[in-house]
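Novice: Letter by letter, the chains look like this.
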Amino acid sequence: MNAAVCIAAVSELSPGRYPDSGGLSLARDTLRHLFDEWPQLEPRHIEGLFVCPPGMASGDAASLFAHETLFHELGIQPKVAETVNVGGATYSVMLQRAAALIEAGYVESVLCLGAGKFPKVGDRGGEQMARMVSHPQFEFIYGAYIPALYAQAASAHMARYGTTEAQLARVAVSARKWALNNPQALMREHGAITVDDVMSSRPICSPFKLLDCSVPCEGGAAILVTSRAMARDITDQPASLLGYGERHGFGHVSQAEDLTTLGAKDSGRQAYEMAGVTAADIGHAQLYDAFSINPIILLEDLGFCPAGEGGSFLEAGYCDPGGKLPVNTYGGLLSFGHTGDASGMSMIVEGAVQMMGLAGERQLPGELTLVHSYGGMMCEHATLILGRE
Amino acid sequence: MSEAKPLPEVDETSQPYWEAARQGQLVLPRCGKTGRYFMYPTPWSPFDYSAQVTWEQVSGRGHIKSFSVVHQAPYEAYAADVPYVVAVIRLEEGAQLMANVLNCDPLSLQVGDAVRVVFEERAGGFKIPQFELATSK
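First to last, the sequence lines map onto chains A and B. Count the first sequence with numbering that gives the first Met the number 0 and you get residues 0 to 388, in order. Count the second sequence with numbering that gives the first Met the number 0 and you get residues 0 to 136, in order.
This list has only true hints and no planted wrong ones.
Label pairs and their computed distance ranges (CB to CB):
1) Lys32/B x Gly161/A: 38 to 44 Å
2) Thr33/B x Asp19/A: 53 to 59 Å
3) Gly307/A x Gly23/B: 37 to 43 Å
4) Asp104/B x Gln236/A: 56 to 62 Å
5) Gly93/B x Gly307/A: 20 to 26 Å
6) Gly190/A x Pro42/B: 53 to 59 Å
7) Thr41/B x Asp235/A: 52 to 58 Å
8) Lys32/B x Ala99/A: 33 to 39 Å
9) Leu6/B x Gly307/A: 36 to 42 Å
Covered stretches of chain B (in silico footprint by chain A; criterion: 3 or more residues with CB under 8 Å from a CB of chain A, positions within the stretch not fixed):
10) 3-15
11) 61-67
12) 72-79
13) 93-103
14) 108-122
Hints are computed from structural coordinates only; laboratory data are not their basis. We treat Cβ as the ideally placed atom computed from N, Cα and C, and that holds for glycine.
Let's have the full structure, built from the sequences with the hints guiding it.
Specialist: Written out as structure tokens, the structure reads:
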């Protein structure tokens, strides 16, 4: 399939802790890493720049003009440049905006960049993050915070469909299986886990135990979106961006009409239509997994299984290595690591790397991959369909 | 001594809600044209953008739409409360509220359980709408 828009280069820092780098300097580390891995890149390859405010999660408000600082340092005067925030959906949305600009002939390329710090829960980091994600008058005052908010979706799904805690645990088990194939994954060294390991880990917010939650860390990634012509100037095997869609729903968890199905249904439908494919055509999927419930709902919303059957789909091993629909083939946020503001990059990078033939040991066959990310406590959704050029 | 629980940052639009709560009443904004209740308070109706929004007392009855039992507190003010319940309550009138479910065994709760409003006193004379089971288990 030939697409007008390609991913010509991707690069991601190893997830971990970068105590010596603030948000902006982590963004610079990410760029240095990109240029080391792609020495053919030159200033002429960057006609636009989208940056996520680096260090937002750690309360560094000074980063809202990050794009100005960075395009200067990149030695370019881009035709488009913005600091963009859509939570975890930031980067899928950046790619969609970049694609629309390239398709319209406005620019030939846009560099999408993100670096993420993740505050430690002690030292008031927990309160700060709770304030950021909940309504200050009507949610925050009830001791709500990220896992308790996500748990609302889990309890609703369990009550409606009979999804079990063991099925949730199975999501984490599958992610760990994939992480064992990825030298960069944070949890690789901790080895395989079982459903019992997850079920017996420390309770956080029911139904979630510690191992149902993604692993906070820091990192960053860069993705260069280009026209086909420019992609060919950079690499022999770009990934093509065949379809995309987005949907923004409820603003706050407590106001969601239904937490058992999310905006992914609409964003996915749009992406499939644009690409002219269906879920049955997709070889593997990269699904944002801040908590174990999310891939279950996303599998259903994106049409990989009927509503209510996401848990049993995963339990059957379909998403594991060797399964019929490999999911989160890099280990997911659950076992690769959740790099704070940059977390939404990791699943796009993996999707692109698989399509570009750069996945090394974990390279899979398959001509199409679907990437889905969401932001803002599951309320903003963006889907991408990537293909092999 | 544990830290005090957070207080709502009341603004002009939400003031009627918190004033009524101080009197032990649950009131919600209601669209003048459609008659629908909504949350959170805004200076317009989200259904037709008109300014015809009234405040009306509601029954305070509803059910648990979803919930989580919090075992790890997010910060110091909640450390002494674990395990506590964070729930989304669907009111009979259709609007939804987040709240804690008080005076219950958190491990016995189920989605769908009937609840009624109660008010929790906090610093500054605030009374915070909360919920408890309508029938004890």
